[in-house]
Amino acid sequence: MDAAATLTEARAKRLMQEELRLKARRVRMEAARQREVLAAKERNRAERSKANSTTVWSPRKQWSVWDELKALEDKGRATKRIAGAYIAGDLSELHKTIMLCPMCKHGFDWKKHRYYNVFHYDHIYASGRCDVCRAMSTKLSLYLHETHVGQSWTPRAQLRQQRRKAITVG
Amino acid sequence: MGEFVYDLAGNTSPFVKKYAIGGTFSDAGILAEAPDAGQAGITAPTTTATADVVGITTDVGTYVTAQQTDGTSANRIVAVVVNPLAVYRFIISGGATEGTAMTLRDVTTAQTDGLSVITGDDWSSPQFDEGVVWGYDGANAGQARKITSTSTTTATVTVAFDRDSPIGDNYLYANAWAPADATALTAQFTTNLYQLDAQTAVGSDAVVTYVELELYDVGGDGRTKSAIHFQSRDHVFNLST
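For the protein sequence lines, the chains are A and B, in the order given. The opening position of the first sequence corresponds to residue 1 in my numbering, with each subsequent residue numbered one higher. The opening position of the second sequence corresponds to residue 1001 in my numbering, with each subsequent residue numbered one higher.
This is chain B alone, in the form it adopts within the complex (with noise of 0.2 angstroms):
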């Protein structure tokens, strides 16, 4: 699910517009594009790909074009949350899927100066470099850094974690960091738009710029409920878009 949680502008007030729609919105919290040439009204955007965001929805729609015998119009509406500074939450996932708990990356090597969490899985393929490591559980749950560099092996941080890792201390990362690396700025959705797919690599598809990073450890259960807040960097509200 994917929420409107605050706007720039230091509101926290939902400005919500009801606008015809020209695709099924099949759930609520999904965020809604302007139509293209020939689209009869706001569509949901793509897995990899918002382009003139309208804002969030907070109902659902079935598109029809036909007459109705049932008494019901034609013309579906939705409502959206048009704020063009919103920020909007949006759960991670460790898949494609909803749902999918994020994969953990467990410390194989211990390492003594903090700048460093080696695991022995492949952080550069898909590239996680500029993207999030955060302690799952162990010696360094709690805490958040940036990955600087990344390897087949291990992710680097500049700024050491508090403690030392001692193998078998688990860690979780996403490719997101806030406020967003000029190479960090997209984000991928899961197939029912409905949370960001955080495990895919850093820096392509959907253009966003992350405000927020809302992480979780084993006693926040972080695997599931981790969320990103960010604002889209194409919203058709922006004058400059």
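For reference, chain A alone in the conformation it holds in the complex (with noise of 0.2 angstroms):
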């Protein structure tokens, strides 16, 4: 009886002791995972202060003008920035004119957002850079806030009523 206790016993405490180094292998492994993430938010930060910094233009030689301009045209989504953030956050907080592809346009609520939908209204494409994949199109939407409507476009149906009682010349 003795002999089945102390066996027990033995049993109980070498259970604890496996109890208690996977404990500790899960602690060490939380702290690995936790390193980890903060060593990967400080790169994203890093990459995302790069891609952000201030364009400090410096006259080169045998720069053309239009080399200056390529340079500084804007970057566009920074690395590891989530689309849908950098549209609907970035851009749309900022009113700034978006571009969007046929397959990226979907996801972007312009009404909500307060923008004016230059295709849906006026049925025009823009050219230039999808704001999401970055890739050249001659079919993107283009999206106007609406306080910069009556400033730097005019709804083509009101252009059109206008122009009907106009004198042109040319």
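Calculated directly from the structure, the hints in this document are not laboratory data. Quantities reported herein were computed from a predicted structural model and do not represent experimental measurements. Just to be clear, a hint being listed does not mean it is correct.
Some chain A residues judged to face chain B by a derived CB distance under 8 angstroms, without partners named [what the hints assert, rightly or not]:
no.: 1; residue: Leu69
no.: 2; residue: Arg77
no.: 3; residue: Tyr125
no.: 4; residue: Gly128
no.: 5; residue: Leu142
no.: 6; residue: Leu144
no.: 7; residue: Thr154
no.: 8; residue: Pro155
no.: 9; residue: Gln158
C-beta: ideal position from N, C-alpha, C; glycine also.
Hints given; two lone chains; assemble the complex.
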């Protein structure tokens, strides 16, 4: 009976030790995972910061004005920045012009974000680079924030109606 | 406001690029210029000069140089319609302030051959020779003619207006003709760069080529709604610049 009790006690002790070892291992793994997440966040932040850093233009020899403009062109969505957050957050919050190709445009609720959809109302595509997939396209939907529509774009129906009364030269 | 309307390759669709700015663009719908040496990005033109035009903006941006504490990037971007053959439509103003109604000139001496508009105003200072005069109301409402000579009281046209002008008829005038006469290739913007100041002298300031005049008489509120379509003759994407 004593021998059996001793055996059970030893077995319980082994189980307890095993459990403690597993627990310590879980803690170590969790700590390693946390370190990895932090490192990834840091890498991401550094990349984003690099992508968004201020362009300091300095005249260079052999650079044409087109080279300068190319250097000044927007790099677009930062690496690992989620497309939805970039369009519906970064750009729309600042009332920026948005261009989306036919493959990417369905995710953007332009009415909710108070945008004027040029293709929807005026049946005019734009050419340029899609803000999500960065592909050049001649079939982009152009979205102008409604605060800028009266300034930089007259709805074509309104223009058409107005021009009926015009005296045109040319 | 200015806007892209079409280009001379026959497209009505804009080609849009997004560029870093080197000066504040507080309004959309103004022309943008390529940066000069030392400038960090595209800039707005002045009221009297446009050089190396990049295109016309469709949104706004405030130029900053320091790092921002609100999480936004200091590298501010503005979208620009960059077609090199673009034709821009600008409303014309009667003064340096946007929305100034254009000044009417009323006939003070009736004319019977349709070849002159005698108003008693000085058409030669500022000079409107080679500009346009059109009927705002009265007998010749809705007709536009090119001014071919001016004096201190009279604007003379070569092709007669269809009807005689009795005393009291009103005419409008501007410093442009389409296609642009060699002496009338320039334009002056209003202070906020939003409209064209069409009642300054012909032939000074920013280099443009007028493509079309969109004029209105009294029925179309011509004093505030008339517009000019023009192309920049100093566009950065024209290979000859």
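Evaluation of the provided hints:
Because the beta carbon of Leu69 (chain A) sits about 6 angstroms from the nearest beta carbon in chain B, less than 8 angstroms, this interface hint is met. The restraint placing Arg77 (chain A) at the interface with chain B is violated, with a minimum CB-CB distance near 12 angstroms, outside the 8 angstroms limit. The beta carbon of Tyr125 (chain A) is positioned within 8 angstroms of a beta carbon in chain B (closest approach about 5 angstroms), and the interface hint is therefore held. With a least beta-carbon distance of about 4 angstroms to chain B, the hint placing Gly128 (chain A) at the interface is held under the 8 angstroms criterion.
The interface hint given for Leu142 (chain A) is met, as the beta carbon of that residue sits about 7 angstroms from the closest beta carbon of chain B, less than 8 angstroms. At a threshold of 8 angstroms, the smallest CB-CB gap from Leu144 (chain A) to chain B is about 6 angstroms, leaving the interface hint in force. For Thr154 (chain A), the shortest C-beta to C-beta distance to chain B is roughly 6 angstroms, which falls under 8 angstroms, so the interface hint holds. The criterion of a C-beta within 8 angstroms of any C-beta in chain B is not met by Pro155 (chain A), whose closest approach is roughly 11 angstroms, and the hint is violated.
Nearest Cβ of chain B to the Cβ of Gln158 (chain A): about 12 angstroms, over the 8 angstroms cut. The hint is violated.
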